[in-house]
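Put chain B on the given structure of chain A with help from the hints.
Spelled out, the chains give:
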Amino acid sequence: MARSESEVAQEVECIRRVQQGEGEAFGRLVERHQQRVFSIVFHLVRRRDEVEDLAQEIFFKAFRAIRSYNFQSSFATWVSRIAVNHCYDYLRKVRSSRLSYYSEMTEESARELERKAESPSAQGLDHGEKVALREFVGKLLERAPEDDRLILTLKELEDYSVEEIADLLKLKTSTVKVRLHRARKRMVEDLERWRQEGK
Amino acid sequence: MDCKTIRDLVSELWGGELPAEAREHLSKCAGCEAFWRDARLVQTGFRALAEEAAPEASLGFASRLVRRLHEWEGKGARSEFFETVGRRFVYATLALTLALLLSMALPTTGPVRGVAGADFLGLQSQNQVSQPDVIGGDLGDSRGLLPGGPSD
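Top to bottom, those sequences are chains A and B. The numbering of the first sequence is numbering that gives the first Met the number 0, which starts it at 0 and goes up by one. The numbering of the second sequence is numbering that gives the first Met the number 0, which starts it at 0 and goes up by one.
Mixed in with the good hints, there may be bad ones.
Claimed, not checked - Which stretches of chain A does chain B cover? Using the computed rule of at least three CB atoms under 8 Å from a CB of chain B, they are:
| id | segment |
| --- | --- |
| 1 | 21-32 |
| 2 | 54-63 |
| 3 | 124-133 |
| 4 | 162-170 |
| 5 | 178-187 |
As the list claims (entries may be wrong) - Here are the computed lysine-lysine pairs in the DSS-like style, where the Cα-Cα straight-line distance is at most 27 Å:
| id | chain 1 | residue 1 | chain 2 | residue 2 |
| --- | --- | --- | --- | --- |
| 6 | B | 27 | B | 3 |
| 7 | A | 138 | A | 176 |
| 8 | A | 138 | A | 92 |
| 9 | B | 3 | A | 176 |
| 10 | A | 171 | A | 184 |
| 11 | A | 184 | B | 3 |
| 12 | A | 138 | B | 3 |
| 13 | A | 92 | A | 184 |
| 14 | B | 27 | A | 171 |
| 15 | B | 3 | A | 171 |
| 16 | A | 184 | A | 138 |
| 17 | A | 169 | A | 184 |
| 18 | A | 60 | A | 92 |
| 19 | A | 60 | A | 171 |
| 20 | A | 169 | A | 60 |
Hints listed in this document are in silico derivations from the structure and should not be mistaken for laboratory results. None of these values were measured; they are calculated from a predicted model. Don't be surprised by glycine CBs; every beta carbon is placed ideally from N, CA and C.
Bound-form chain A, shown alone:
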């Protein structure tokens, strides 16, 4: 979302005040960026009940590090980077158990879901099917290595461009493209493996 020049100037002023020790001004920065952080945390961690606690830890880290913020990237990118790194560390700590979700679906309902999911959008699915598909791909994402999960979430769920991801993760654009391509391939291959485990 593009912001006006005055909004940007206000934010810069706010950051400078926090850097000079005015903690109250940090509240306004939190209000401005909290939804972005909540979205990143939710899509990466996928635990609704832990989103707020993690977001709080992220803003806490941002507050402690704000003196090192040098305005080279936007504040939104800087905070998002902290959020992504924090979630990455969290995911490494609480590696989710590899549940065999696919086996919990009947063969018939899985086939039906696949048939409907072949349409280019999720429009052909009713609410229940959409929920099932979300759960299904969500679990598949949980099985993925942290690096794949990170890059896929930023691209497919948070809708960041390759250039934005490169900026966020401090990588080259070409590296992001290669990692994204490999992560997608691994995920589809894992789906096949998962099916075999379920049989």
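Positioned in the frame of chain A, the structure of chain B alone reads:
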């Protein structure tokens, strides 16, 4: 096109139109066709996941956070400072103790310490000069004359 190329292409184009050659391969290869179908399933799943709204921050999230930051600045930062300083003090004490123990364990005179050590080294070099060379000396020269020696 081989199967690997097709799968790479499917992952790269990710929902985009496949070239005619790739489509032809899919119509003949059941494995790649299954891969392509799975990719479509995952893409649709991602779209469904992306539609799911993240939870919103509870009322007063920012102000509660700022209050906690103030509390942390008040005591947390101070205790963190003392914790860091305290930790450094403990490490420094341990290092000093270790150095002291090592200095006590080492001999006060000897080849590596002080004037006495230098004297010892001087004495040793003198001894080396006065002692006959066991290999190059008389014994060494006579070895070849002894029965069972190298000349046998």
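Output the numbers, in ascending order, of every earlier hint that fails for this structure.
4, 14
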